[in-house]
Structures are given as C-alpha cells and as structure tokens.
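Go by the hints and put chain R with the ligands onto chain Z.
Read top to bottom, the protein sequences are chains Z and R. Per the working numbering, residue 46 is the first one in the first sequence, and the count goes up by one each step. Per the working numbering, residue 8 is the first one in the second sequence, and the count goes up by one each step.
For the record, the hints were derived by calculation from the structure and aren't laboratory data. It cannot be assumed that every hint is accurate.
Below 16 Å or equal to it, Euclidean Cα-Cα: the simulated EDC-like pairs (lysine to aspartate or glutamate) are [to be verified]:
1) 722(R) / 345(R)
2) 218(R) / 129(Z)
3) 189(Z) / 677(R)
4) 427(R) / 266(R)
5) 264(R) / 275(R)
6) 189(Z) / 683(R)
7) 342(R) / 461(R)
8) 589(R) / 634(R)
9) 272(R) / 485(R)
10) 204(R) / 634(R)
11) 189(Z) / 634(R)
12) 722(R) / 545(R)
13) 334(R) / 461(R)
14) 144(R) / 156(R)
15) 218(R) / 99(Z)
Every value quoted in this text rests on a predicted model; they were computed, and no experiment measured them.
For reference, the chains in residue letters:
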Amino acid sequence: MAKYTISVNGQQHTVEADPDTPLLWVVRDYIGLTGTKYGCGMSQCGACTVHLNDQPIRSCVTPISSIRKTAKITTIEGLSANTDHAVQQAWISEQVPQCGYCQSGIVMSAAALLRQKPAPTDADIDLALSGHLCRCGTYPRIRKAVHKAAKMMNDK
Amino acid sequence: MSTYIATRREFLKIMSHAGAVLAIGIGPAGSLLAGPRKLSLADGDAAETELNTFILITPDNKITIFNPRPEMGQGTWQSMPALIAEELGVTFDQIDIRITSGDRRYGTQSVGGSGSVRFSWLPLRKVGAAAREMLIKAAAKRWNAAEADCYTEKAKVMHRPSGKSFSFGELVADAAALEVPKEPKLKDPKDFTIIGKAIPRPDVPSKVNGKAVFGLDVKVPGMLYATIQRCPVIHGKVVRFNEAEVAAMPGVKAVFKTERKMPHKAVDAVAVVATTYWAALKARQVLQIEWDNAGYENISTEQYFAECRAKAAQDGNSYPDVVGDVKSGFARAAKVLDAQYETPFTAHAPIEPMCATVAVSGNKAEVWAPVQGTTDTIHEVSEYLGIPRENVTMHNVFMGGSFGRKGYLDFVLEAAAVSKNVQAPVKLIWTREDDLGNGPYRPGMLNVVKGGLDAAGNLIAWEHKIIGASIKHQVFKEDTSKVADDWASETIDQATSPYVIPNRRQAFNLNDTPIPIVWWRSVYSSTNAFAQESFVDEMAHAAGKDPMDFRLEMLKNEPRWTTLLQFLAEKSDYRAQRRAGKAVGIAIAHSFGSTAAYAVTVSKKDMGVVIEKIVGVIDCGQYVNPDTVKAQTEGNAVMALSAALKPAITFAGGEAQESNFHQFNLLRLDETPPIEIHIIENRENPGGVGEPGFPPLTPALCNAIFLATGKRVRKLPFDLGNPG
Ligand code: FES
Ligand code: FES
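Bound-form chain Z, shown alone (with noise of 0.2 Å):
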C-alpha cells in the first residue's frame, strides 16, 4: 500500500492503494467516479477509456503507480460541466446509446479525436475508435454522431 494523489476533473484525490491497482478501479470505487466502466481489464473493449492529459487511456491496464502527480485525469463526469460537450450534444442527438455502457469510454475517445482532428474522415474513425467494443450494434450511429459533433463544433 502506499499514497498516491493524483488529479481527476480538476480535483485533487489522495488515495491509499496497491501500486498495481487499475486506474479503473482507483477512479470507480476509491473517488466514486463510476462513470467510466470495466469491459475486459484486458485493453480490448474500451468501457473504462478516460483521459491522460488530454489522451485517451485505458483505465483497467494503468497502474497507479504510472501517474504522475502532475498529470491531469479527465473522466467522463468531468468532460463537460452541463453535458454539453459536442460530442455528447452529437450523441443525443443521434440517439446512439442504448444500452449506454460502453458509451462513457467511446465518448471519451470521440472528443480526444476531435481535438486532434477536427474534420475527421471515416478512417480516421476507424482508427480512433475501433478499439472499443459496443454489443449493442451502435456503431452506425456512432460514426454518424462523431461527422456531426465535427460539424458542431466547426460551426461554432
């Protein structure tokens, strides 16, 4: 065990954990950030992606340990203060979740990629976000919601 702060949506957190411990875990049942979800543990779903200065990580494979105390953590509850992201304006206009849990992660992969790109193409949709699994089948409308947030935001 050993203490580690560590900065998630603006806030400071000290936390008492093995070194090994998935952020995942660190952020869900520690902090009480419950947004962001456990698929796999295994890096292959997605559900658990949060932001590593301003990158998208998977959360279940990041030990503690490999935070740095200067490092800003953004999770799904601190994307945006109203729900107002584009992306997520994007996704409810769109209609995309339905089940809605691996949203949170897909979400946050979207608003890093367009930070990134601004006007995504398709392949660049592909690449960013293929790594997250949804078995609910919304990835039509994914890609549909992600052209959209693109265009919100260059409206803007």
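Structure of chain R with the ligands alone, referenced to chain Z:
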C-alpha cells in the same frame, strides 16, 4: 428528470409534499384498481402504498410514472411510460420515471421475448386513460361543464369553449375520490402525440455523461466486494484450496467454498471477499484450488456436433403442423436437395458483465441488480435463501446490455450466498473471463433440411429437422426427448413461416449437453432462419428462379409478407442491382410477432467478398418510437454479423477455449458496413422489436455470397475473406 432507482428514501421525499394522490394499478386480467387515496408520511408505511400505483400525481403537480419493465438498451425506459403518458396527457419533460420494485400488484415485471410493448400496449394505455377520465370528471364538475368539452394536455385539463384550465395537481384530490372507470376510452391512434413519434429517449443524456446507474455502479454502505473462482472444467468439484494463504492477503475479509446455483445444477466455487474489488481479484490470483473433474473433462463441442451429425438421418419428433406427406412428396419430386447447417455455441457477452449487490441480514435480503426480471429475482432469491418473499427487497438498475443473459439469475444467487456467509452487503462482479468461461450460452445447433422440386421448379416437399440442445429441457426440466420442443420451432413452423408447400414437416431431435445453455437474442430463430432462408435460396437456384420471385410465389396468400418483400426490393433497388450483375442476397423471417427482411449487397474481393450495404425492413405493426425500432434493428444486424463472422465459444477438455475479447472478438466499428433500416407503416397490433431484426440477416448475407462467389456457407462462423 431523473433516471435513478427509486429508493425508499427518495420515494418518501416525493411523498412528503403529498396530500392526496391519484394512484391506479392493474389487477387480475388487466382490470384497473384504485390505488391508495391518501398518502402522507403520517400514513406510516408509505413505501408499501407506493407499490400499487403506476401514476402518482401530487397537489404540486409532480408526476411520477412507475415503469414495470427493466431497461437493457431496448427502450422500455421510454416505451412503457409513453403508453401511460400518451393517454394521460403529459409530456416526457413533465414526468419522473421510476422502475418498479417487484411488488406483485404490478404484475409481471420482466423483459424478454421482445414482449414489453406487445403485452403492455393495452393495459398501460388503460391506466393512463383511466386517470385522464378521472381528472376530466373532477375538472368538469368544478366548472360545471360537460366532460366532452374537456381534454388533457401537458399535465392540465383544458376546457375547450372557455380556454380555462386546471393543472392535474389542482384536481388530484377530487379525482382521487372518484371511482376508477372500468373501461376507459382509449385515444384514436390518429390523435397520438407520443406513440409513434421519434421522441428522444429520456435515459440517453444520463448515458453520455456517466450518470446512469448500472449494476456495476451500485454502492451501499458497508459494502464488500467479491469475486468467485469457478472450476475451469465446467461442473468440477472443489477438493481443497489454500485458504490460509489467500485469507492473509491484504484487504481480504473471507475466503470460502460456495456454489453457483443454476436452474439445472449447483456447482462448486470458491469466493474471495475483500474491502476493494482489486484486493479481491489479487487474492484470487493467489488462490490455488484442487478440482475433481471426474466425468467432466471430456466435454467438448466437437463431440457435441459429432453427436448431432450422427442423428442427422433420424426422423426426430415431428411438430404437430405436418402438411401433406413429405415421403410421397419427395418420391414425386423431379429434383431433391439436402443440406446441413451448423451454428455454434456462443456467448451473450454484454459489455457490462454479470454483477449483483446483495445484503443478506438474518432472514431478510436486499438486492440491487441489473436483471431482466424484477419479480423473478425476488422469487428466486427468496426460494434460494429459504426466506419469505416479503423479506426480499429489490432495486432494479439499468442493465449494461443483456441479450437474454441477465434473465438467468445464477450471479444474483451467488451474490446472495456470499452475502449470507459474511452477513454484510456484497457486490459480486464477474470478470470477462468468468462470463465467457461459464455461460450459459446459446446452444449449438445442427439444422438438417431437405427440399423437393417438381419439373416446373415448384417446391413440393420440405423437411426441416432441428438437432441439438433444448433450453426447455435443461433450464425448465421439461422432457423434450420424446416430444418436439415447442420453443425451438419459431421462424420455421407453419405459424411463423407461411410458405405454401404442399408437403411439409418440421421436427426436433434432442441432443442434450452438460454445457449451460439459455435463450440468446432471438433464441432458436437465430439459428433456424439461417438454415431455412439459406436453403430456400438453394432451392430457388436449383429451380432456376430469382430468389425474390421464388419466395413471393410461395407467399402469395400473405399480403403482409409480400408487401414487406416488395418494399425491400424497392428500398434496396434489388431488381436494378441484380440486372447490373450485383450480388444482392435476401432473406425474410418472422419471430416474436414481427417480420423482418434484409437485402445485403456484397462485392467479390480476392477469395471472398466485402459487404457494401445492408438494407433492412421490419413490419412490427404499431410501435412506440420509430427511432428505437430502427436502433434495435441496426443493433440486431450488427450482432448477427458478429455471430456469423467472429469467433464462437468452443469447449475442449471440459473448458471453454475463449477467455476474453482477444479470442471472443466482436464486430468492431471499422468492420460495420452501412446499414439502412425501414419500417412498414400499418395499424396492425404491435409486434416485437428487440429480436426480430436478427434472424434474417445471416442468411441474406450468405445468399449474397453465393451469388458473388458460388460458395455456399453452411457453417458459422466463417471468414468473409474466404467463405464456405
Ligand atoms: S475494460 Fe479496459 S479496455 Fe476493456
Ligand atoms: S450501447 Fe450497449 S454496449 Fe454499447
């Protein structure tokens, strides 16, 4: 608007302002019952009185609709309240939705078989209509006006001639004192403002901001975390394990032998309980169990299919709907074809794995779980723990997908056993490995089909034999070895497959298995349709006829089917595409009260094909939300592609060979072709939506592949790059 579970405290909060409320429930045979007339905290047991009502209206016009049907992605969070709200006259932004907690007076509180809208269509509309009539009566009396001059809109009763209005809240005390009308008048569908409209689903915002509470997210005070090691060789017994070593691991509270109670069998397992889930998982890594696998180490899917094939020549048990005489039909045929179609065991693999939180204390239990059946869960937990039903409290939460899996309650009973042992609230979470390694699974099936054509190319004889495991037999212990399993014939029996063929027989031949099985999205229709619709295509080609025309000819007495096929032909540009030499495969299938068809266009690439486009059409009669119908059908198409093209579950040496998504890989975004879904508009009774879009997809794809490559796919899964 809130999408949380209604806890007792929350309910009391709603009620704390309440004087009178209007509360209507459903009684036996769909009769309407008056709920409690007056509720207040002083009534003592307000939580008890909550349970008899679908609608609560408080004097300050707070409206709560209780939803009896759990949400797993299929849209009941919206569709059930929509049925009430439509008749009542409220909009979605004016209501709070709460899931019911299993009180028997709500009737069945479960989802499955694509039945929610079908079976709640009239009962829940009646609940809303009764409340509307009572509110109107109360308002008319105050205005001294005719009831016919009043109507409801946006939580108000309006007086048409004067333009005056009362909010529902202002009327609720008077309305609650009235008799509940027995046969309230339902709205004319042409006046619907909610049903049939693509209104955004109220649960969607909470599913893009992390606020929706799924089973995995439940947290209760004093909760411990559990993980369970089950035998890798399915059904093996625990001989001994290193209890002391595991118990000494950091955070571990308890390690003990427990069980996994399935409907047909209880099997040994070892539970590790710890203060955090990670501590429990780490301790489980140290756990060493000696298993006794005697009798189970030879279980294999290869052997299972060999047994199925060995039965291929047997007649099996006929379904009662035999037409003509197949033997003489085949004897008269100018051309006879036969084929075997094989579909594998596969896993539901909802992205939220099985998880449940249970607090057993003395002879009481409280359950928080993502399950398809609230009432079923209460029943099973009370039976399992041997405590009265009334002592089990249930909180249903959003399921992170299910597809049938979370209607099988082994994981809830496991959590109950563990909580009982430690006498503390316990959250049990299955790992993905636990999920894929333990099932239950969709049973692998062999379909044996035979068809005979006359000299003019008409199908005059048809036999379809299903060989494999029976869910009824294993899960419900009904002997299906001597009678055909009547759950297994959907999509191919006369009632659901109206092809006119003068000599026709369907049969079931049980091949039992110790591998746990259960319903999986569209159940046997998912495997039956692959065989039937592929083989109809084989027969069409053998007859030298266009597969669309071949079907239309045999369906000419079925206007809904021919309308659907013609609509599909139009939407997919079937005729023009085929004339241009494009490979377009089609298939049609009926299941769960609805009929769906696809046209799949593929192009040849090297040894195989790529899918260019999928066009689907569904006739589900009247529906609540057309966008949900489309979403469900898109999802079915994607899931069907996964089942056709991605790895199955195989067993060897008693163990599942696929452990996580690196082996049981699912279809991904970059592999998903464009999918376009259309709905047939009619005023027929509502059909199912959650499953009917699945069955016809795979045969349509395989029929296209045959056109493009000449290769006939008869075994799933297969490789698009090198099919057949
Ligand atoms: S849970 Fe992290 S990728 Fe699946
Ligand atoms: S919406 Fe259910 S898994 Fe993606």
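So if I understand the rule, the pair passes when the alpha-carbon distance is 16 Å or less; does residue 189(Z) with residue 634(R) pass?
holds (15 Å)
Can you confirm whether the C-alpha distance between residue 264(R) and residue 275(R) stays at or below 16 Å?
Holds, at about 7 Å.
Under the criterion that the straight-line Cα-Cα distance not exceed 16 Å, is the pair residue 204(R), residue 634(R) satisfied?
OK: residue 204(R) and residue 634(R) at ~8 Å, within 16 Å.
Against the 16 Å threshold, does the CA-CA distance of residue 189(Z) and residue 677(R) hold or violate the hint?
holds (13 Å)
Mind checking the alpha carbons of residue 218(R) and residue 99(Z) for me, to see if they're no more than 16 Å apart?
Violated - the C-alpha atoms of residue 99(Z) and residue 218(R) are around 21 Å apart, more than 16 Å.
Take a quick look at whether residue 144(R) and residue 156(R) sit within 16 Å of each other, Cα to Cα.
Given pair residue 144(R), residue 156(R) holds - Cα atoms ~11 Å apart, limit 16 Å.
Do the alpha carbons of residue 272(R) and residue 485(R) lie within 16 Å of each other, as the hint requires?
holds (15 Å)
Compare the distance between the alpha carbons of residue 189(Z) and residue 683(R) with 16 Å, and conclude whether the hinted pair is satisfied.
holds (13 Å)
Under the criterion that the straight-line Cα-Cα distance not exceed 16 Å, is the pair residue 589(R), residue 634(R) satisfied?
Measuring from Cα to Cα gives roughly 30 Å; hence the hint is violated.
Holds or violated: are the alpha carbons of residue 722(R) and residue 345(R) at most 16 Å from each other?
Since the Cα atoms of residue 722(R) and residue 345(R) sit roughly 15 Å apart, the hinted pair holds (cutoff 16 Å).
Residue 342(R) paired with residue 461(R) [C-alpha distance capped at 16 Å]:
Holds, at roughly 7 Å.
Is residue 427(R) within 16 Å of residue 266(R), Cα to Cα?
Holds, at roughly 12 Å.
Hint compliance for this structure: hints 8 and 15 are broken, all remaining hints hold.
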